[in-house]
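Protein chains in written order, with our numbering: chain A, 2 to 268; chain B, 52 to 316.
In short, the hints are calculated from the structure, not lab data. It is possible that some hints are incorrect.
[Claimed, not checked] Covered by chain A, according to a simulated footprint, are these stretches of chain B (three or more residues, beta-carbon under 8 Å): (1) 132-143; (2) 147-153; (3) 156-168; (4) 270-281.
By construction, the Cβ of each residue, glycine as well, lies at the ideal position given by its N, Cα and C atoms.
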Amino acid sequence: MQMGQVILECITAYGADNFMNAIYILWLRQLKRYFRSKSRMVGSLGQPILFLVALGFGFGPIFEKAGAGNYLQFITPGIIAMGILFTAVFTGIEIIWDRQFGFLKETMVAPVSRLQIMIGRTLGGATVATIQGVIVFCLTLFVGFRPVSIAMIPVAIFFMFLIALAFTALGTAIASVLDDMQGFQLIMNFVVMPTFFLSGALFPLQGLPGPIELIANLDPLTYGIDGLRGALSNASHLGLHTDLLVLLSMVTALVIAGSYLFSKMEI
Amino acid sequence: MERPIIEVKNLVRKFDELIAVNDVSFDVKKGEIFAFLGPNGAGKSTTIKILTTLLNPTYGSVRVNGFDVVNNEDDVRHSFGIVFQDPSLDDELTAWENMEFHGVLYGVPKAIRNSKIEELMKFVELWDRKDEIVKNFSGGMKRRLEIARGLLHHPKILFLDEPTLGLDPQTRNHIWSYVENLNKTEGLTIFFSTHYIEEAERIAHRVAVIDHGVIVASGTPEELKARSGVDSLEDAFLKLTGKDIRDENADGSGNFRMHNRVWRR
Ligand SMILES: Nc1ncnc2c1ncn2[C@@H]1O[C@H](COP(=O)(O)OP(=O)(O)O)[C@@H](O)[C@H]1O
Ligand SMILES: [Mg+2]
Chain A
2 MQMGQVILEC ITAYGADNFM NAIYILWLRQ LKRYFRSKSR MVGSLGQPIL
52 FLVALGFGFG PIFEKAGAGN YLQFITPGII AMGILFTAVF TGIEIIWDRQ
102 FGFLKETMVA PVSRLQIMIG RTLGGATVAT IQGVIVFCLT LFVGFRPVSI
152 AMIPVAIFFM FLIALAFTAL GTAIASVLDD MQGFQLIMNF VVMPTFFLSG
202 ALFPLQGLPG PIELIANLDP LTYGIDGLRG ALSNASHLGL HTDLLVLLSM
252 VTALVIAGSY LFSKMEI
Chain B
52 MERPIIEVKN LVRKFDELIA VNDVSFDVKK GEIFAFLGPN GAGKSTTIKI
102 LTTLLNPTYG SVRVNGFDVV NNEDDVRHSF GIVFQDPSLD DELTAWENME
152 FHGVLYGVPK AIRNSKIEEL MKFVELWDRK DEIVKNFSGG MKRRLEIARG
202 LLHHPKILFL DEPTLGLDPQ TRNHIWSYVE NLNKTEGLTI FFSTHYIEEA
252 ERIAHRVAVI DHGVIVASGT PEELKARSGV DSLEDAFLKL TGKDIRDENA
302 DGSGNFRMHN RVWRR
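Sequences and hints are given; from them, build the entire structure.
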């Protein structure tokens, strides 16, 4: 009886250990790939910085004349989110590459569940995208951005991670139903760009026409950016609690959808 | 009698209009070395992908180690190891990292893992290049690494899809003797596909000849020779599959059907 219990405990401990190990090695792989492709890292930093400098200095004076405050303070959270969004969607969609180059088969036949694969990959992609967000954040300090409180920076990083999770999962979901890379451009134009532009990253969402406002309300990035704004510039519209709650529910939904579609994928 | 470790009944797989596997049935016994012999496009890889849960069958029932490949995918995946025909390495990891990734994913305990990785990488003569990114490897080196990786854990069944394609004869021999030894000492069931007749004849206990998605004959190499009344398996193979040259989309079905009828009598 006691012996049986001990054995059972050993098995579950061993099982749990294996469960975590598999997730860990999948996570680690994403990080290694990210740190090894310097060109990708630098490339995906270029775009947010370009936006920040061009828009920040270009639109700044108009924004301020309209009495809307400091534009740099306003768009920096949006620019950080942009860096995260692109990296996250890209690491999610990378599954298509893995399928094309054959590596996906290796993971798909291993004695680990599709859920573990999905969790490991998504956490890895989200970590990478969060790092990207933190780098963008550091760069904005050089351009002149000033966070209102040092103590809130961990909260900001947490929001970055949630944004990263949401869009890595979305990327995975899309990659699971896409057959090849042909659709990639389509996704960029019809999913990623609208997600970015309708999230309040570049302009305040108040007073928009009804349908556009509706889309903005369904956009996870809206809440991510509002949360970031709350944490970094103390300028949240919806309140940090609402942002957190809505974003968490959306992340959960996207991870579940991504896992489901991924589990149905054929090689 | 013990239950076969692989049981395939009336397996069909279609890709849109194309019937890649057409009503295939066969069994593989525990501890057996079983070969799928057939020309390009015969449906070997498709069958192996179904057996290893990568593709779903369009029709038919497939059991591996007693588990249904559609309903008990996870149990099936705990039962086998595989070396794929197509590339399956992560090009951006080093050779050693590819091995480690596999070892962790398959739950090989760390103490055994590192020594086993070293042993196998020495066996395929890649140990001195273990820290190189796989992208820089030649085709043959990648192939050897994939085989070493496939041997890292010892499952009940080992699938090898044209494992020696593109390797020189020495390496081929080397690898086959390792695999035969695994079969003898650990009782591993081996399922491999090939279009090298001599490989099937020399290694396999039993051979199924597949062409255009249909098994046209099966049995021990001796039985196949005896039945077709020729004295080499090569002649038997040519008699069975016709002499027309195949590329993936060639349609030699007329020719093939005639032979098929002869065989089914
Ligand atoms: N994913 C796929 N989509 C469409 N056709 C496929 C696919 N995979 C294989 N086929 C076709 O199925 C047939 C059998 O292929 P395959 O199983 O790879 O043959 P083998 O491994 O014996 O050379 C071929 O005609 C091939 O073109
Ligand atoms: Mg093949």
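Here is how each hint holds up against the structure:
Requiring three or more residues with a Cβ within less than 8 Å of a Cβ of chain A, the coverage given for the stretch 132-143 of chain B holds, as 9 such residues are present. Under a criterion of three residues with beta carbons nearer than 8 Å to beta carbons of chain A, the stated coverage of the stretch 147-153 of chain B is upheld, 4 such residues being counted. Against chain A, the stretch 156-168 of chain B contributes 3 residues with a C-beta closer than 8 Å to a partner C-beta. That satisfies the three-residue criterion, and the hint holds. Coverage of a stretch by a chain is defined here by at least three residues with a beta carbon nearer than 8 Å to that chain's beta carbons; for the stretch 270-281 of chain B and chain A the count is 0, and the condition is violated.
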